[in-house]
Amino acid sequence: MTAPETNQAGSSETGGVFDETIGFFTSVKTTIAVLFLLAAASVIGTLIPQEAGLAELKATSSPFLYRLIILLDLHQLYRSWWFLLLLVILSINLLACLLKRTRTLPGDWKGKDGQVSFRMTVEDGRSPSEVKNLLAEQFNSLLGIQPKESASGDTISLAWVKHRIHLLGFPLIHSAIIIILLGGLVGIVYGYRGYVSIKEGEEADRFVIKSGGSGTLPFTIAVDEFTLTRYPTGEPKEYRSEVRLLENGKEVLKGPIIVNSPMTYRNISLYQSDYRAVGVKWVKLAILNPGSEVEEFLVRPFQTTSLPGASEQIRLHSLDPGSSARGQGVEMIATGPDGESRRVEVFRNDPEPAEVGGRKIKFVGYQTLYATGLQVGYDPGTLLVWWGSGLLVTGFLLTLFTNHRRLGVIIREEEGRTTVEIAGRSRRLRQEFRQVVREKVGLALGNPQAGPRVRKGV
Amino acid sequence: MTSVDLNSYVTFGYLGVFLVALLAQAAGAGASWGRRLVRGTLIFVWVAHTASIGLRWVESYRMGIGHAPLSNLYESLVFFAWAIGLALILAHYRFRAGAILLLGLPMTVLVMAYTFLLDPEIKPLIPALQSNWLVAHVVTCFLGYAGFAVSFVAAILVLLSDSSSSLAKRLPATRILDEIVYKSVLVGLPMLTLGIVTGAAWADYAWGSYWSWDPKETWSLITWMVYSAFLHARLARGWSGAKAAMLSVIGFGAVMFTYFGVNYLPGLHSYF
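Residue numbers (the working numbering), protein chains in the order written: chain Y, 1 to 458; chain H, 459 to 730.
Careful: at least some of the hints might be erroneous.
Claimed, not checked - Partner residues aside, some chain Y positions facing chain H, computed with beta carbon under 7 Å: (1) Leu71; (2) Leu72; (3) Tyr195; (4) Thr227.
Stated by the list, open to error - Calculated pairs, EDC-like style, for lysine to aspartate or glutamate (alpha carbon to alpha carbon, straight line, at most 16 Å): (5) Y/Lys100 - Y/Asp19; (6) H/Lys581 - H/Glu637; (7) H/Lys581 - Y/Glu137; (8) H/Lys701 - H/Glu637; (9) H/Lys581 - Y/Glu414; (10) Y/Lys440 - Y/Glu238; (11) Y/Lys362 - Y/Glu432; (12) H/Lys641 - Y/Glu235; (13) Y/Lys360 - Y/Glu312.
Hints were generated in silico from the structure; no laboratory data involved.
Quick reminder that beta carbons are idealized off the backbone N, C-alpha and C, glycines included.
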């Protein structure tokens, strides 16, 4: 009783902190604990508003909670030092387990580890080559591959190896997660996200960075037009900005930016985010000529427009988007050739058209002037994340849809009888594999009721 | 007949299958005719369910606003129930455990009944959802959810037979139930992974960021971490039986919160 205890104490004294650290990082217990801590932290992150103003949080939280929030960065939890520390521990843990496991991979690949899920021995009266052919026929159809055959003296060995690639599932999944986390890190360090709002007909190259401050793009965005299309039911169908990108005043790219269809130039992506109505682009009016023909013309804000076919000048004063029973309409200043100005109101639902300089004017419609809100995104880590995601999915598919199976058969003649030793290994569905191999042996040698003697492997 | 009518019939159909399964269980769980009858009726109702989803798809094209019927809570619930139905059929084939239907079918009926409370009208697709990623993202997520639902059902049965020996006699062997708990997660987790990856790809394409800690994103990650912990606890620490079942139940709680709970938190997924 005492000897092992002293032994233990001795090893912990000499191995010390180093062994314990290695043990901590290669332990699956650590993995499970860190996963639960990350999950719990994430839950908190969805309950406390993230990126909210501190003043707002101070107003809505109790003093104790507010102090806790400040102490642990709970208002920017996913960027806090302790959340990142958990991710770092997870990464080291993953890497350590990966290294530990991949050391045995070459042996597994070559089948030298000698581990088996089951072993069985059968005896038969027929000759070894006859038994070999009967068994090979069944196992070939079971696994869909041909065996490797070798003979030495009076011993014949057959080996089937199926879906060895299954072994790559584990390293793929675990290295993929490390790569994804690395990609995230690259994004945090080198990437940025921002926002710029540009009026139709204007251009900009400066944007506001989300995490604070502002930046300048290596090109200029010129917005020609923003359109909002609706379904007949009134729900929005499409938000679309027609833009041109200019570099040193020269156009380098032109096209639309639509929700779900961003524009990318020099690895910087521009996304349709939102829009604002900032004014009036134009107002369409019509002159009712005596001969009942209608002549339409546009009036733009902050410009003086000559009334077609008359000497009066008009200038927009204000627009009513339809707040009263008179419907949509405009108020204008009309200036005659004598320099006299007067106020004219033209509304859609007015029974009588307005009159300027002897001409009857009707309101037709107007176009809103929009400012489009574009998101600016640059993240050099994205490529790593996609590589990682691809490997992750591949790893899962390998694990799920392939199954590494090994079947070894050794046939030898002993005292006039043929002895067959069968050993098998399956990564998944072990019981089922053992069962089906047993059935096939019965089918091949036609001795199902006696059945082979099965010894479970270690 | 419209797809909405067909959905009502399907709901009562699942209720009918549940009653048949109850009778078959009472008559003797091992009887193979009973198992075949239950499975036959279940497949019949599930095929009708498939037809109703297909019909709704066709209807949307007839209205001139054609899109896959995965665009709002009503449509996602119908699809969720369909995926649970599929998972139950597969689990029934694979493990021959009729008892999981006794708990799984009421769940399906409940999900379908929830749609009765919602507006079933087919609406045009809002700009944020107009993407080819929609189908890949939603289908993989819900197939994952369905796997977790079957795991949850088996886990509840494990906990029930763990708590009462008289119940345990009527239920399938804990070894089989435990296997269902585990195998369903083994299918569900890769599906959820695909769902999260397609969602991230879509988010990157549409919003310029593959991950923005939106509540639904975060909760799907929480779900992913809980089931990852489950697999590690099981494969490396040998957890099974009631302990593993508890983890599966916690995981399904996270699934439910990812699906319904986050609608009460603000975020980009608030139209679901």
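For each hint, the structure was consulted:
no.: 1; hint: Leu71; verdict: violated, 20 Å
no.: 2; hint: Leu72; verdict: violated, 16 Å
no.: 3; hint: Tyr195; verdict: violated, 10 Å
no.: 4; hint: Thr227; verdict: violated, 12 Å
no.: 5; hint: Y/Lys100 - Y/Asp19; verdict: holds, 14 Å
no.: 6; hint: H/Lys581 - H/Glu637; verdict: violated, 42 Å
no.: 7; hint: H/Lys581 - Y/Glu137; verdict: violated, 59 Å
no.: 8; hint: H/Lys701 - H/Glu637; verdict: holds, 13 Å
no.: 9; hint: H/Lys581 - Y/Glu414; verdict: violated, 78 Å
no.: 10; hint: Y/Lys440 - Y/Glu238; verdict: violated, 62 Å
no.: 11; hint: Y/Lys362 - Y/Glu432; verdict: violated, 84 Å
no.: 12; hint: H/Lys641 - Y/Glu235; verdict: violated, 44 Å
no.: 13; hint: Y/Lys360 - Y/Glu312; verdict: holds, 13 Å
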